[in-house]
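Residue strings, one per chain:
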Amino acid sequence: MVLIKPTPDINRVKFDVESGVVDRASAELEINQFDLYAVETALIIKETLGGLVTAVSMAPPQGERALREAIARGVDRAILLTDRRFAGADTLATSYTLAAAVRKLGRYDLILCGEKSVDGDTAHVGPEVAEYLGVPHAAFVTRVVDVSNERIVVESDYGDAYYLLELRLPALISLSRPLFFSDRAVEPRTPKLSDVLRARKTKVEVWNADHLIGLADPEGFGLAGSATRVVRAFSALERGRNPVMVVGDEGVDRIIEALKSRGLI
Amino acid sequence: MWSGVLIYAENYGKGIKPSTFELLGKASELRSRLGGLIHSVVLASEGAERLAEELISYGSEKVLTYRVPEELLPNQLAHRDAVVDAIETVKPKLVLISATQWGRALGPRVAARLKTGITADCLDVYVDEGGDIVQVRPAFTGNIIAHIKTLRNPIIATVRPKVFSMPKPNRGREGEILRRELSTFGSDVSGVKVLGIAREKSARLSEAEVIVSVGKGLRGREDLKLFEELARVLGAQIACSRPLVDAGWMERDRQVGFSGNVVRPRVYIACGISGAPQHLTGMKDSEYIIAINKDPSAPISRHSDLFVIGDIYEIAPKLMKRINELRDKL
Numbered sequence: 001m002v003l004i005k006p007t008p009d010i011n012r013v014k015f016d017v018e019s020g021v022v023d024r025a026s027a028e029l030e031i032n033q034f035d036l037y038a039v040e041t042a043l044i045i046k047e048t049l050g051g052l053v054t055a056v057s058m059a060p061p062q063g064e065r066a067l068r069e070a071i072a073r074g075v076d077r078a079i080l081l082t083d084r085r086f087a088g089a090d091t092l093a094t095s096y097t098l099a100a101a102v103r104k105l106g107r108y109d110l111i112l113c114g115e116k117s118v119d120g121d122t123a124h125v126g127p128e129v130a131e132y133l134g135v136p137h138a139a140f141v142t143r144v145v146d147v148s149n150e151r152i153v154v155e156s157d158y159g160d161a162y163y164l165l166e167l168r169l170p171a172l173i174s175l176s177r178p179l180f181f182s183d184r185a186v187e188p189r190t191p192k193l194s195d196v197l198r199a200r201k202t203k204v205e206v207w208n209a210d211h212l213i214g215l216a217d218p219e220g221f222g223l224a225g226s227a228t229r230v231v232r233a234f235s236a237l238e239r240g241r242n243p244v245m246v247v248g249d250e251g252v253d254r255i256i257e258a259l260k261s262r263g264l265i
Numbered sequence: 266m267w268s269g270v271l272i273y274a275e276n277y278g279k280g281i282k283p284s285t286f287e288l289l290g291k292a293s294e295l296r297s298r299l300g301g302l303i304h305s306v307v308l309a310s311e312g313a314e315r316l317a318e319e320l321i322s323y324g325s326e327k328v329l330t331y332r333v334p335e336e337l338l339p340n341q342l343a344h345r346d347a348v349v350d351a352i353e354t355v356k357p358k359l360v361l362i363s364a365t366q367w368g369r370a371l372g373p374r375v376a377a378r379l380k381t382g383i384t385a386d387c388l389d390v391y392v393d394e395g396g397d398i399v400q401v402r403p404a405f406t407g408n409i410i411a412h413i414k415t416l417r418n419p420i421i422a423t424v425r426p427k428v429f430s431m432p433k434p435n436r437g438r439e440g441e442i443l444r445r446e447l448s449t450f451g452s453d454v455s456g457v458k459v460l461g462i463a464r465e466k467s468a469r470l471s472e473a474e475v476i477v478s479v480g481k482g483l484r485g486r487e488d489l490k491l492f493e494e495l496a497r498v499l500g501a502q503i504a505c506s507r508p509l510v511d512a513g514w515m516e517r518d519r520q521v522g523f524s525g526n527v528v529r530p531r532v533y534i535a536c537g538i539s540g541a542p543q544h545l546t547g548m549k550d551s552e553y554i555i556a557i558n559k560d561p562s563a564p565i566s567r568h569s570d571l572f573v574i575g576d577i578y579e580i581a582p583k584l585m586k587r588i589n590e591l592r593d594k595l
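Those sequence lines, one after another, are chains A and B. Number 200 in my numbering belongs to position 200 of the first sequence; there are no gaps in the numbering. For my numbering, add 265 to where a residue sits in the second sequence, where the first one is 1.
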């Protein structure tokens, strides 16, 4: 199973400088870059061990486009969780909802997702889904060393060093970049035109909150299930600095001065 | 019920991570507005006493130590079980965890277990006029700064290392040590076997004072030597922007940016880097930013303190020559 977040292209999306509000209509939703690597890794594992790859997303209806892209890349089945009752979810409520959907789908061996999303940047959803499902997980995985039907060996970035972990399946891994599968660098494949056309005709299954009844408490969805609230937001990058602009050799003098004044040379 | 602060002391083998002490400094600062005690929680397979004393010297009033078998010390899920137990024992209003890779993987598991909120990679935590705790964090690749409140208890936040200053330890400070043990661990704990260290990191950019960073302006892999030499002369760490990692010229440990490392050196020298948003996110909090670029309209110009319009291949050797001359005079 692959968890995909449809996200706006960070280079194209517009921000309201005053209020810090994101104009979500300014850029179309596509697969979060980190999740593309999760899709590719899932496909490599499928080629090695067989099985089916299911993609699950929680997003507004226009998130369907990202799931269609996942199908074009080779995903077998795609589920879009979309409902007004899911709206306003923080990472806790999002993970709760995704975990309920995974339970509804039934048996799985491995869940893959990107380490974080380009918009939220939290890196929470992978570990939180693992917690709700009660399965082992490894975050910030940089290499899948080996995988079999019972276990997966990965290299995970702990901060101080890369550690080798063996996880009993079912498990969840969240993937970093650059990423390796054994010794080969993982790069998302470009879908063929025929695959894109096929994906256009393939059905993306749409589930709402009613589909998850019995598997989760609806109070745990969306804003109601969220433990955090954004109380204020403002634009950060627009402020910038006021650079001293110099040309060529004068730059050398200025750099020396800057380093000297800080006692660094 | 729910008062004070609990600091998670990151230790999975080689001692307590220094950023833990920054969190203790912040806790001492927040204490007058929050009330309650400053607790710490630390796991150790041996020497727990010494670690607890270290935490006390940096401001912890009580320390909960959990003895774990050596093989469980680098297992995150064992830490989750201990932290959850510590939270249930002391009922802290606020839990602070360093936003290291380790802390960012651990925090959400603790939060989901307790069904409470967590705010990632905070730049600040403060108490507002109403007495509420507010967490400040970047989102949208650093384009947005959000102020967040958590409606449940405890409030959990991971805090980016180096945003709070390091307090001075007081070796004479007294505190209480509570020795605890977990008789059972969650069933998923045995599902993770830590086989050991696969690779050490080639660099730790987060600790560098000066960084020389190269980008797409670099014409070929061979030319890296010139900038590595410049970094050596400056006593700096060499780093790069993403295209160089994607090209396989440099390791990810040396990549500055959203999908690499977030750095805050005293001086950051960007050579031939145009300043994509992903890169700016990783270095914009540096104390002094120098950019060398042929193109004065490059986006990085707006985010630097000194912008040198010029060819990095001409500036770098001149810079090295001048520094060497200065050193010779001494």
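The hints are simulated quantities; they were obtained by calculation from the structure and are not laboratory data. Among these hints, one or two may not hold up.
With a straight-line cut-off of 20 Å between C-alpha atoms, the simulated SDA-like cross-links for lysine to any residue are [as the list claims (entries may be wrong)]:
#  : chain 1 : residue 1 : chain 2 : residue 2
1  : B       : K481      : B       : Y578
2  : A       : K46       : A       : E150
3  : B       : K466      : A       : T142
4  : B       : K586      : A       : L264
5  : B       : K414      : A       : D121
6  : B       : K414      : A       : G220
7  : B       : K481      : A       : N11
8  : A       : K104      : A       : R184
9  : B       : K279      : B       : L460
10 : A       : K260      : B       : N589
11 : A       : K14       : B       : I410
12 : B       : K583      : A       : V206
13 : B       : K458      : A       : D121
14 : B       : K490      : B       : K583
15 : B       : K327      : B       : K358
16 : A       : K260      : B       : I588
Here are the simulated distance ranges between beta carbons [stated by the list, open to error]:
#  : chain 1 : residue 1 : chain 2 : residue 2 : range
17 : B       : E472      : A       : L49       : 37 to 43 Å
18 : A       : P60       : B       : K481      : 32 to 38 Å
19 : B       : L489      : A       : A25       : 38 to 44 Å
20 : A       : R241      : B       : S448      : 53 to 59 Å
21 : B       : S455      : A       : K14       : 47 to 53 Å
22 : B       : R484      : A       : P60       : 43 to 49 Å
23 : B       : G485      : A       : G240      : 27 to 33 Å
All C-beta atoms in this analysis are idealised placements derived from N, C-alpha and C, irrespective of residue type, glycine included.
**Report entry** Assessment of proposed distance window 47 to 53 Å (beta carbons of S455 of chain B, K14 of chain A)
**Finding:** 49 Å, holds
Report task. Could you grab the alpha-carbon distance between K481 of chain B and N11 of chain A and see if it respects the 20 Å cut-off? Result -> Distance ~18 Å between K481 of chain B and N11 of chain A Cα, so the pair holds.
Query raised in the report: Regarding E472 of chain B and L49 of chain A, is the given constraint of 37 to 43 Å on their beta-carbon distance met?
Result: 41 Å, holds
Query raised in the report: Is K481 of chain B close enough to Y578 of chain B, meaning Cα to Cα at most 20 Å?
Result: 13 Å, holds
Query raised in the report: CB of P60 of chain A to CB of K481 of chain B, is that within 32 to 38 Å?
Result: With Cβ atoms ~35 Å apart, the hint holds.
Query raised in the report: Does K14 of chain A pair with I410 of chain B here, judged by a C-alpha cut-off of 20 Å?
Result: The hint holds at about 15 Å.
**Report entry** Hint consistency between K583 of chain B and V206 of chain A [alpha-carbon to alpha-carbon, up to 20 Å]
**Finding:** Distance of about 62 Å is beyond 20 Å: violated.
Query - Restraint check for K586 of chain B with L264 of chain A, where alpha carbons must lie at most 20 Å apart - result: 16 Å, holds
Report task. For the pair supplied as a hint, K104 of chain A and R184 of chain A, confirm whether the alpha-carbon distance does not exceed 20 Å. Result -> Violated. K104 of chain A to R184 of chain A sits at ~34 Å, over the 20 Å cutoff.
Requested in this report: Could you check the hint for me, namely that L489 of chain B and A25 of chain A are 38 to 44 Å apart, CB to CB?
Outcome: 43 Å, holds
Query - Given hint K358 of chain B paired with K327 of chain B - CA-CA distance at most 20 Å - result: 15 Å, holds
Query raised in the report: Taken at face value, is the distance from the CA of K583 of chain B to the CA of K490 of chain B at most 20 Å?
Result: 15 Å, holds
The structure does not agree with the numbered hints 8, 12 and 13 stated previously, though it agrees with the rest.
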